[in-house]
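Student: Sequence:
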Amino acid sequence: MKVPEEVVAALRSAGSVTVLTGAGISAESGIPTFRGPDGVWREVDPEDVATPEAFLRDPLGVWRWHKKMRKLVLSAEPNPAHRALARMEGMYENFTLVTQNVDGLHRRAGSRNVVEVHGNILRDRCQDCGKVVEEPEFWEMDSPPRCSCGGLFRPDVVWFGEPLPKEAWEEAEGASKRCDLFLLVGTSASVYPAALLPQVAKSSGAYLIEVNVGPSEASPLVDSSIFGRAGEVLPSLLRALEGG
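To convert a position in the sequence shown, counted from 1, into my numbering, add 901.
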């Protein structure tokens, strides 16, 4: 595909880039979105599986539901969009990838400076002492294991009603304030507070580019929109950036 000249110019002149990715990029790897017409929340009530109250009420049921989601994540592979972003990172001195996804596919694709504002489903956190671990043997367990402190481990993801991790949010917000180019990929820009980040970047003077299958809530804010599949658009952006 042909990339608009103004987008190429913005990519080439940028010194500091921040990317915000959402469920759309992972959908191309076969991971279902949570919202939308075919989203996960059409099949199950998040109040039953994705709240702290649900885990207190039914830790076994919540753990087993997340076990199913982990299997989906582990069977998925990074797609061309993930790989293009990983290569793009090496072309800028300052590059931060903020993701709302919990699947870890960006890291598997080779991205290094990744901020996971909603956590990572392949990690677990003790609900009592807060200890965070990544133990593959936990992924196959049918019930939540116990921490050495005696508390139950739960998936290290942000559930409904929970705040974002303070450190991750501050890093994401800071990167959005400092960048001169902000790229949105596969996000509806409707989930807060992550949806505030494009506004933060815009108010700080950044050039905003949106890559999505269709208009999002951020569309009126951006400088350039490219509508299409991320797995097709991002490799084209990369080639244009490389001069191909």
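Calculated directly from the structure, the hints in this document are not laboratory data.
Model, not experiment: these values are computed from the prediction.
Using N, Cα and C, we set each Cβ at its ideal position, and we do this for glycine too.
Hints should not be assumed to be uniformly reliable.
Restricting the straight-line Cα-Cα distance to at most 30 Å, the calculated cross-link-like pairs of lysine-lysine (BS3-like) are [said to hold, decoys possible]:
1) LYS1078 x LYS1103
2) LYS1032 x LYS903
3) LYS1067 x LYS1078
4) LYS969 x LYS1103
5) LYS972 x LYS903
6) LYS903 x LYS968
7) LYS972 x LYS1032
8) LYS1032 x LYS968
9) LYS903 x LYS969
10) LYS1067 x LYS1032
11) LYS1103 x LYS1067
Computed spacing ranges between beta-carbons, pair by pair [unchecked claim]:
12) ARG965 x VAL1033: 34 to 44 Å
13) VAL1034 x PRO1064: 16 to 26 Å
14) GLU906 x ARG1047: 52 to 62 Å
15) SER1105 x SER1044: 39 to 49 Å
Student: Of the hints given before, which are not true for this structure?
Tutor: Violated hints (numbers, rising): 2, 4, 5, 6, 9, 12; every other hint is consistent with the structure.
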